[in-house]
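Visitor: Same order as they appear, the protein sequences are chains A and B. Be aware that the first sequence starts at 1009, since it is given in the working numbering, and climbs by one per residue. Be aware that the second sequence starts at 1009, since it is given in the working numbering, and climbs by one per residue.
For the record, the hints were derived by calculation from the structure and aren't laboratory data. There could be a bad hint or two in this list.
Where chains are identical, the list cannot tell them apart; a pair therefore holds if satisfied intra-copy or between any two copies.
[Claimed, not checked] Calculated lysine-lysine pairs in the DSBU-like style (CA-CA distance at most 35 Å, straight line): (1) K1118 with K1042; (2) K1042 with K1136; (3) K1052 with K1067; (4) K1042 with K1096; (5) K1118 with K1136; (6) K1030 with K1136; (7) K1030 with K1117; (8) K1118 with K1010; (9) K1052 with K1117; (10) K1030 with K1118; (11) K1096 with K1118; (12) K1067 with K1077; (13) K1067 with K1030; (14) K1117 with K1042; (15) K1010 with K1077; (16) K1136 with K1052; (17) K1096 with K1117; (18) K1030 with K1077; (19) K1042 with K1010; (20) K1042 with K1052; (21) K1052 with K1118.
Protein chains: 2
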Amino acid sequence: MKLITRDTDYALRALSFIAQNKDRIVAVSELTRKLRVPQPFLRKILQVLSRRRILSSLKGQGGGFILAKDPARIFIADIMRIFQGELKLNECFLKKLACPHKKACVLRKKITRIENYVLRELNSITIKSLLQ
Amino acid sequence: MKLITRDTDYALRALSFIAQNKDRIVAVSELTRKLRVPQPFLRKILQVLSRRRILSSLKGQGGGFILAKDPARIFIADIMRIFQGELKLNECFLKKLACPHKKACVLRKKITRIENYVLRELNSITIKSLLQ
DNA sequence: GACAAATGATACAATTATGGTATCATTATT
DNA sequence: AATAATGATACCATAATTGTATCATTTGTC
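I would like the entire structure built from these sequences, with the hints used as guidance.
Guide: Now the structure itself:
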């Protein structure tokens, strides 16, 4: 029952650090030292964020990453979706089979209620709100 | 981001069915037909519920399972804990390392808030409330 | 221009969790 | 004695997670 996987977690921490150093370029090597996270893994994660236009990158000596968006507009739900796919707490395991309750499944309804709350919350948390 | 795993799901459906047939003993073979779930897997699940005193079992011909508790007192959070372990949305992946934020981690706090809501909800849903 | 330091892309690998199967022992009914 | 059920337990297959490794490309510095 993990809400956030490790890559998402690392991504959020990296984004927070980069947001706190908004005016300069941050290299993966620095992030690795600060966050104490495996460097090749973190590289992969940041490259994804770069492809998704959350970060901008600069190659070459002195290169690194910098935010491509206002941290007040980066929602953690978006980052989660990038690394974890669609956010659903809810998948019905019997969907292809003859589920006796079909659309009236009470369990499903209750879980959906919870899911809606969780998504609302996640959609309200920004990188900016994580700083300090 | 799965709230409920497949074994928990099957367990809840099986418990619901058994609760609807409160006055008699239900064999795994019948449940398998009704729920259309793999029989050996469901057996394993029900044996766990039996060990945990959620179900009582009767061996031998004509045997099977029957509720050991009032369905209004079986909470789905308990069933989830049995199959999924402690319910935490929250595990910090840097816990052993030098997390720069330590106890003040804002992300952790926000996730904890969500977690508390989810747990409160899950602790309020009983097998009885799933019937019909 | 050569070298060093950075990211881009991508393939591969190790570990763990999930979702099962298989088998033998035990018990109870007929 | 045979049959039909659960108890216990070991095993297995697949997928997801959590990484590593490598080579290509770009850019700054000497």
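Visitor: All hints are to be evaluated individually against the structure, with a verdict given for each.
Guide: Hints and how they fare:
1. Proximity of K1118 to K1042 under the C-alpha cut-off of 35 Å is restricted to the inter-copy arrangement: shortest distance 22 Å between copies versus 42 Å within a copy.
2. In this homomeric assembly, K1042 and K1136 come within 35 Å of each other (Cα to Cα) only inside a single copy, at 19 Å, whereas the closest approach across copies is 51 Å.
3. Taking the shortest alpha-carbon separations for K1052 and K1067, only the intra-copy value of 15 Å comes in at or below 35 Å, while the best inter-copy value is 55 Å.
4. Taking identical chains as interchangeable, the C-alpha atoms of K1042 and K1096 lie at most 35 Å apart whether they share a chain (32 Å) or sit on different chains (27 Å).
5. For a Cα distance limit of 35 Å, the shortest separation of K1118 from K1136 qualifies both inside one copy, at 32 Å, and across copies, at 13 Å.
6. In this assembly of identical chains, K1030 and K1136 lie within 35 Å of each other by CA distance solely inside one copy; the values are 11 Å within and 54 Å between copies.
7. Taking the shortest alpha-carbon separations for K1030 and K1117, only the inter-copy value of 24 Å comes in at or below 35 Å, while the best intra-copy value is 43 Å.
8. With identical chains, the CA atoms of K1118 and K1010 are at most 35 Å apart both within one copy (19 Å) and between copies (15 Å).
9. Taking the shortest Cα distances, K1052 and K1117 sit within 35 Å of each other only across copies (27 Å), while inside one copy they are farther apart (37 Å).
10. Proximity of K1030 and K1118 under a CA criterion of 35 Å is satisfied inter-copy only: 23 Å between copies versus 42 Å inside one chain copy.
11. For the homomeric pair K1096 and K1118, the shortest alpha-carbon distances inside one copy (13 Å) and between copies (19 Å) are both at most 35 Å.
12. Only within a single protomer do K1067 and K1077 lie at most 35 Å apart by alpha-carbon distance; the minimum there is 19 Å, versus 64 Å between protomers.
13. For the identical chains of this complex, K1067 and K1030 are intra-copy neighbours only, at 18 Å inside a copy versus 68 Å across copies, given an alpha-carbon limit of 35 Å.
14. Proximity of K1117 and K1042 under a CA criterion of 35 Å is satisfied inter-copy only: 21 Å between copies versus 43 Å inside one chain copy.
15. Taking the shortest Cα distances, K1010 and K1077 sit within 35 Å of each other both inside one copy (27 Å) and across copies (30 Å).
16. Taking the closest pair of Cα atoms, K1136 and K1052 come within 35 Å of each other only inside a single copy of the chain (23 Å); across copies the shortest separation is 47 Å, beyond that limit.
17. For the homomeric pair K1096 and K1117, the shortest alpha-carbon distances inside one copy (13 Å) and between copies (22 Å) are both at most 35 Å.
18. Within a single copy, K1030 and K1077 get their C-alpha atoms as close as 11 Å, which meets the 35 Å cut-off; across copies the closest is 58 Å, which misses it.
19. In this homomeric assembly, K1042 and K1010 come within 35 Å of each other (Cα to Cα) both inside a single copy, at 25 Å, and across copies, at 31 Å.
20. Taking the shortest alpha-carbon separations for K1042 and K1052, only the intra-copy value of 17 Å comes in at or below 35 Å, while the best inter-copy value is 46 Å.
21. Taking the shortest alpha-carbon separations for K1052 and K1118, only the inter-copy value of 26 Å comes in at or below 35 Å, while the best intra-copy value is 37 Å.
The structure agrees with every numbered hint stated previously.
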